[in-house]
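Please arrange chain B on chain A, whose structure you already have, making use of the hints.
Residue numbers (the numbering used here), protein chains in the order written: chain A, 1 to 427; chain B, 428 to 854.
Calculated directly from the structure, the hints in this document are not laboratory data.
One should not assume that every hint holds.
[What the hints assert, rightly or not] Simulated pairs of lysine-lysine, BS3-like, Cα-Cα distance not exceeding 27 angstroms:
| id | chain 1 | residue 1 | chain 2 | residue 2 |
| --- | --- | --- | --- | --- |
| 1 | B | K550 | A | K130 |
| 2 | B | K707 | A | K281 |
| 3 | B | K708 | A | K361 |
| 4 | B | K812 | A | K277 |
| 5 | B | K707 | A | K130 |
| 6 | B | K550 | A | K132 |
| 7 | B | K707 | A | K280 |
| 8 | A | K368 | B | K788 |
| 9 | B | K795 | A | K385 |
| 10 | A | K132 | B | K707 |
| 11 | B | K788 | A | K385 |
| 12 | A | K281 | B | K670 |
| 13 | A | K123 | B | K557 |
| 14 | A | K281 | B | K812 |
| 15 | A | K280 | B | K812 |
| 16 | A | K123 | B | K550 |
| 17 | B | K670 | B | K704 |
| 18 | A | K130 | B | K557 |
| 19 | B | K670 | A | K280 |
| 20 | A | K385 | A | K130 |
| 21 | A | K123 | B | K559 |
| 22 | B | K788 | A | K281 |
| 23 | B | K788 | A | K132 |
| 24 | B | K795 | A | K281 |
| 25 | B | K708 | A | K280 |
| 26 | B | K795 | A | K130 |
| 27 | A | K385 | B | K708 |
| 28 | B | K557 | A | K280 |
| 29 | B | K559 | A | K281 |
| 30 | A | K281 | B | K708 |
[Said to hold, decoys possible] These stretches of chain A come out as covered by chain B in the derived footprint (C-beta under 8 angstroms, 3 or more residues):
| id | region |
| --- | --- |
| 31 | 161 to 170 |
| 32 | 259 to 273 |
| 33 | 285 to 296 |
[What the hints assert, rightly or not] Here are the computed distance ranges between Cβ atoms for each label pair:
| id | chain 1 | residue 1 | chain 2 | residue 2 | range |
| --- | --- | --- | --- | --- | --- |
| 34 | A | E199 | B | K639 | 35 to 45 angstroms |
| 35 | A | I168 | B | N731 | 54 to 64 angstroms |
| 36 | A | E58 | B | G556 | 51 to 61 angstroms |
| 37 | A | E11 | B | P551 | 50 to 60 angstroms |
| 38 | B | K708 | A | I168 | 44 to 54 angstroms |
| 39 | B | Y810 | A | P67 | 41 to 51 angstroms |
| 40 | A | D53 | B | P827 | 24 to 34 angstroms |
Every residue gets a Cβ at the ideal spot worked out from N, C-alpha and C, and that includes glycine.
2 protein chains.
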Amino acid sequence: MPEYLSMDKNELLEEHKKLLDTYASYKAQGLSLNMARGKPCSEQLDLSNGLLDALNSESDFETEDCPDCRNYGNLTGICEARNLFADILGVSPENIIVGGNSSLNMMFDTIACMQELGNSGEKPWNQQGKIKFLCPVPGYDRHFGLTEYFGIEMINVPMTENGPDMDIVEKLTSSDSSIKGIWCIPKYSNPQGITYSDETVKRFASLKPAAKDFRIMWDNAYIIHDINDTPDSLLNIFDEAKKNGNEDMIFEFCSTSKVTFPGAGVAALAASENNLKILKKRYSFQTIGSDKLNMLRHIRYFKNVDGVLAHMQKNKAILQPRFKIVIDTLERELSELGIAKWTNPNGGYFVSVDVLDGCAKKVVELCKNAGVVLTDAGATFPYGKDPKDSNIRVAPTYPPLDELKKAMEIFCVCVKIAAIEKLTNNL
Amino acid sequence: MPEYLSMDKNELLEEHKKLLDTYASYKAQGLSLNMARGKPCSEQLDLSNGLLDALNSESDFETEDCPDCRNYGNLTGICEARNLFADILGVSPENIIVGGNSSLNMMFDTIACMQELGNSGEKPWNQQGKIKFLCPVPGYDRHFGLTEYFGIEMINVPMTENGPDMDIVEKLTSSDSSIKGIWCIPKYSNPQGITYSDETVKRFASLKPAAKDFRIMWDNAYIIHDINDTPDSLLNIFDEAKKNGNEDMIFEFCSTSKVTFPGAGVAALAASENNLKILKKRYSFQTIGSDKLNMLRHIRYFKNVDGVLAHMQKNKAILQPRFKIVIDTLERELSELGIAKWTNPNGGYFVSVDVLDGCAKKVVELCKNAGVVLTDAGATFPYGKDPKDSNIRVAPTYPPLDELKKAMEIFCVCVKIAAIEKLTNNL
Numbered sequence: 001m002p003e004y005l006s007m008d009k010n011e012l013l014e015e016h017k018k019l020l021d022t023y024a025s026y027k028a029q030g031l032s033l034n035m036a037r038g039k040p041c042s043e044q045l046d047l048s049n050g051l052l053d054a055l056n057s058e059s060d061f062e063t064e065d066c067p068d069c070r071n072y073g074n075l076t077g078i079c080e081a082r083n084l085f086a087d088i089l090g091v092s093p094e095n096i097i098v099g100g101n102s103s104l105n106m107m108f109d110t111i112a113c114m115q116e117l118g119n120s121g122e123k124p125w126n127q128q129g130k131i132k133f134l135c136p137v138p139g140y141d142r143h144f145g146l147t148e149y150f151g152i153e154m155i156n157v158p159m160t161e162n163g164p165d166m167d168i169v170e171k172l173t174s175s176d177s178s179i180k181g182i183w184c185i186p187k188y189s190n191p192q193g194i195t196y197s198d199e200t201v202k203r204f205a206s207l208k209p210a211a212k213d214f215r216i217m218w219d220n221a222y223i224i225h226d227i228n229d230t231p232d233s234l235l236n237i238f239d240e241a242k243k244n245g246n247e248d249m250i251f252e253f254c255s256t257s258k259v260t261f262p263g264a265g266v267a268a269l270a271a272s273e274n275n276l277k278i279l280k281k282r283y284s285f286q287t288i289g290s291d292k293l294n295m296l297r298h299i300r301y302f303k304n305v306d307g308v309l310a311h312m313q314k315n316k317a318i319l320q321p322r323f324k325i326v327i328d329t330l331e332r333e334l335s336e337l338g339i340a341k342w343t344n345p346n347g348g349y350f351v352s353v354d355v356l357d358g359c360a361k362k363v364v365e366l367c368k369n370a371g372v373v374l375t376d377a378g379a380t381f382p383y384g385k386d387p388k389d390s391n392i393r394v395a396p397t398y399p400p401l402d403e404l405k406k407a408m409e410i411f412c413v414c415v416k417i418a419a420i421e422k423l424t425n426n427l
Numbered sequence: 428m429p430e431y432l433s434m435d436k437n438e439l440l441e442e443h444k445k446l447l448d449t450y451a452s453y454k455a456q457g458l459s460l461n462m463a464r465g466k467p468c469s470e471q472l473d474l475s476n477g478l479l480d481a482l483n484s485e486s487d488f489e490t491e492d493c494p495d496c497r498n499y500g501n502l503t504g505i506c507e508a509r510n511l512f513a514d515i516l517g518v519s520p521e522n523i524i525v526g527g528n529s530s531l532n533m534m535f536d537t538i539a540c541m542q543e544l545g546n547s548g549e550k551p552w553n554q555q556g557k558i559k560f561l562c563p564v565p566g567y568d569r570h571f572g573l574t575e576y577f578g579i580e581m582i583n584v585p586m587t588e589n590g591p592d593m594d595i596v597e598k599l600t601s602s603d604s605s606i607k608g609i610w611c612i613p614k615y616s617n618p619q620g621i622t623y624s625d626e627t628v629k630r631f632a633s634l635k636p637a638a639k640d641f642r643i644m645w646d647n648a649y650i651i652h653d654i655n656d657t658p659d660s661l662l663n664i665f666d667e668a669k670k671n672g673n674e675d676m677i678f679e680f681c682s683t684s685k686v687t688f689p690g691a692g693v694a695a696l697a698a699s700e701n702n703l704k705i706l707k708k709r710y711s712f713q714t715i716g717s718d719k720l721n722m723l724r725h726i727r728y729f730k731n732v733d734g735v736l737a738h739m740q741k742n743k744a745i746l747q748p749r750f751k752i753v754i755d756t757l758e759r760e761l762s763e764l765g766i767a768k769w770t771n772p773n774g775g776y777f778v779s780v781d782v783l784d785g786c787a788k789k790v791v792e793l794c795k796n797a798g799v800v801l802t803d804a805g806a807t808f809p810y811g812k813d814p815k816d817s818n819i820r821v822a823p824t825y826p827p828l829d830e831l832k833k834a835m836e837i838f839c840v841c842v843k844i845a846a847i848e849k850l851t852n853n854l
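Chain A on its own, in the form it takes in the complex (with noise of 0.2 angstroms):
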């Protein structure tokens, strides 16, 4: 199959023909399939259903500093979990809050709180007018649905493949003051699986923003979540930037959403000293403590990272495949047409595709009727507009592998037919 871009407009037409035909052979089978959410498949949640043993009514209830984990107390949640979480994202247990099972949540409050409280001794945000995000792009659908919420602004930075584009973050942060945060996906970026470079973490923990007060959102939600055997690395944020003096600019957060239970799992976060104390405070009157037999339960269950580690090559084990199929499919049937591109991760929970400029919606629309769906087109940037209507986020977790089969070849069947109506549009 030579590139479509090489074809004349009669090639493509009777290419495209072909195409409809497939397309409705499909649709005439009913289906319904999703690969719209980053949800772990039943083979993944069975991996943690000991998880569901670890505690019984035979348990002992007592950790190092809560006398009875059923009872009311410990804000920033038991020892032993702040110790599992510090071990996770390599600080000390003292930066740790351990909370509730999102990490979500964790982030929402955490804008919340900055937008009430402030920090580094400037006003609240909410009482400085007009502030600003930045998003790289394509981005997480939820950090830009709930900065939209607060009325921050957001503004779209580009990433590469080294992470989000340093010479603009530090262009802008250093320029404007009304630019308050950043938003980072740091491990396996959702969608593409990026892991950045250590150079931009090296560029993030020396960043010299405008606003005292400016914070990056580290999100290190897919920080264990290695899909094959060449895994990428991280640099440790904090410990960059201590070197700068840095720590009071980073929030950083995790959870076992994808590694136990997303429906009921454990989220932390860690911040530096300064941080803490302005979060506690705002928790100090949210709640008088997070689940701790939850907390416990895990602990139970885990031991501790080594066990957390373990635990999460069965993962990798469940979705290796997965992500195969999408990338075997993707080569098999676009690799030579130039009609899209793609990211290969080692780890996440994401392919992300960008096809043809200003096809991405008809795609999401064409496998949607039949029977397949994804994401939203747009979703991965803010305010839900691709600039370039072209990228597409796939989530391979989630179905059965031969539903994924399918709903794959329907994916690369619809790129085709959208880039053909494209480009003879256009001849």
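Here is chain B on its own, set in the frame of chain A:
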């Protein structure tokens, strides 16, 4: 023993001397007793240990509206949990959001939501300049704390034996549109254990506040928390409010913190369709969903509301002797002296003691120095300021019986000492 008020100075000083001797002997024992917080005791927590066996690695995780409770989803909780809380609160399941482990957190988030989004077509509260909340006093320190956190001015409203003084509530809410809400613990109020009379509930339900966006925070924390066999009953505020088209005026809250585990219970709120629409908007940015396995655990354990109520009978059996010790000691030691009044509630978690004006701080300090920790004097009032310095909250649930007995004896000695010091200074 005659009333202190009828004794002359010399008699009082003699009595004072004896009391100081008794006090010194207690102090010499180096006690460490805690009656500060409304925490269930270990025996109560043990009642719910079976909860931890209700889910295990072999469990089925599918429910009516959730294919797998281990995974993401169900922003407002699983159907079965909404049903259970609907039965407890006497509302429709459509009006319920089931959250995480903390109703305080849901109250905090509700106020935050009104601050950020507003309601009833009015501007968000945080864009309306100075706004105010009515606070029936004495009341719950954490309600007042979070209200202060949001910069909302608090106005004291005296409690009567039938609930807040409704003449004042009606007068203030109808005349001042900057008053946006009121905190209520309508059944077994904290700290007095007062249940609002039918008339009080009806008057709340038919309020005509000047502010369209006025909201009643109906914290039904102790709705099923009787401590004896003559329980109070409370009218259903939503039923009453509907008669007046006032459903939008009410947010109701409850949790299983004092049913199962304070550290790992399930919280819920009830609200009208209009209010839920606003709350759900915020929730949709804040989280993907609360811990569904813990909801499921509670459902499997209790089966239904009858299971919950039967469980609370066991709780009652544990609490009844504790409250008896408190009341009996107060009766025996103080009833004839004319220096203290207290409530004798049929449920809830507290006994409220009013000592002579100007003596509460002194009593709490004396207790502390003898090894008995009480809730800080003033904590039951906004800003921690009891204008009369007379109210003390006694929390009998947590200490073992023998400790509680001793703590109450010491408490009474301290009440007497403080009273005599006040009386003799004034003679």
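- prompt: Is it true that the CA of K812/B sits at most 27 angstroms from the CA of K277/A?
  reply: holds (25 angstroms)
Given the hint that K281/A pairs with K708/B, does the C-alpha gap stay at or below 27 angstroms? Satisfied, since the Cα-Cα distance of roughly 25 angstroms is no more than 27 angstroms.
Satisfaction of the hinted span 35 to 45 angstroms by the C-beta atoms belonging to E199/A and K639/B: Check failed, 56 angstroms falls outside 35 to 45 angstroms.
Checklist entry - Is the straight-line distance between the alpha-carbon of K707/B and that of K281/A 27 angstroms or less? => result Between K707/B and K281/A the Cα gap is close to 26 angstroms, so the pair holds against 27 angstroms.
**Prompt:** Within 27 angstroms, alpha carbon to alpha carbon, are K707/B and K280/A?
**Reply:** Satisfied, since the Cα-Cα distance of roughly 25 angstroms is no more than 27 angstroms.
| message | With the threshold set at 27 angstroms, check whether the alpha-carbon distance from K708/B to K280/A stays at or below it. | response | holds (25 angstroms)
Inset, instruction - With 50 to 60 angstroms as the target window, see if E11/A and P551/B comply at their CB atoms. - result: holds (58 angstroms)
Task: Agreement of K557/B and K280/A with the hint, judged by alpha carbon distance not exceeding 27 angstroms - done: Given pair K557/B, K280/A holds - Cα atoms ~25 angstroms apart, limit 27 angstroms.
Distance restraint between K708/B and K361/A, which requires alpha-carbon spacing of 27 angstroms or less
holds (25 angstroms)
- Query: With a Cβ-Cβ cutoff of 8 angstroms, does the region 259 to 273 of chain A contain at least three residues near chain B?
  - Reply: The restraint on the region 259 to 273 of chain A holds, since 4 of its residues have a Cβ under 8 angstroms from chain B and three suffice.
- Given the hint that K788/B pairs with K385/A, test it: the Cα-Cα distance must not exceed 27 angstroms. violated (60 angstroms)
*Between the region 161 to 170 of chain A and chain B, see if three or more residues pass the 8 angstroms beta-carbon test, and mark the coverage as holds or violated.*
violated (count 0)
When the structure is compared with the earlier hints, violations turn up for hints 8, 9, 11, 12, 19, 23, 26, 31, 34, 38, 39 and for no others.
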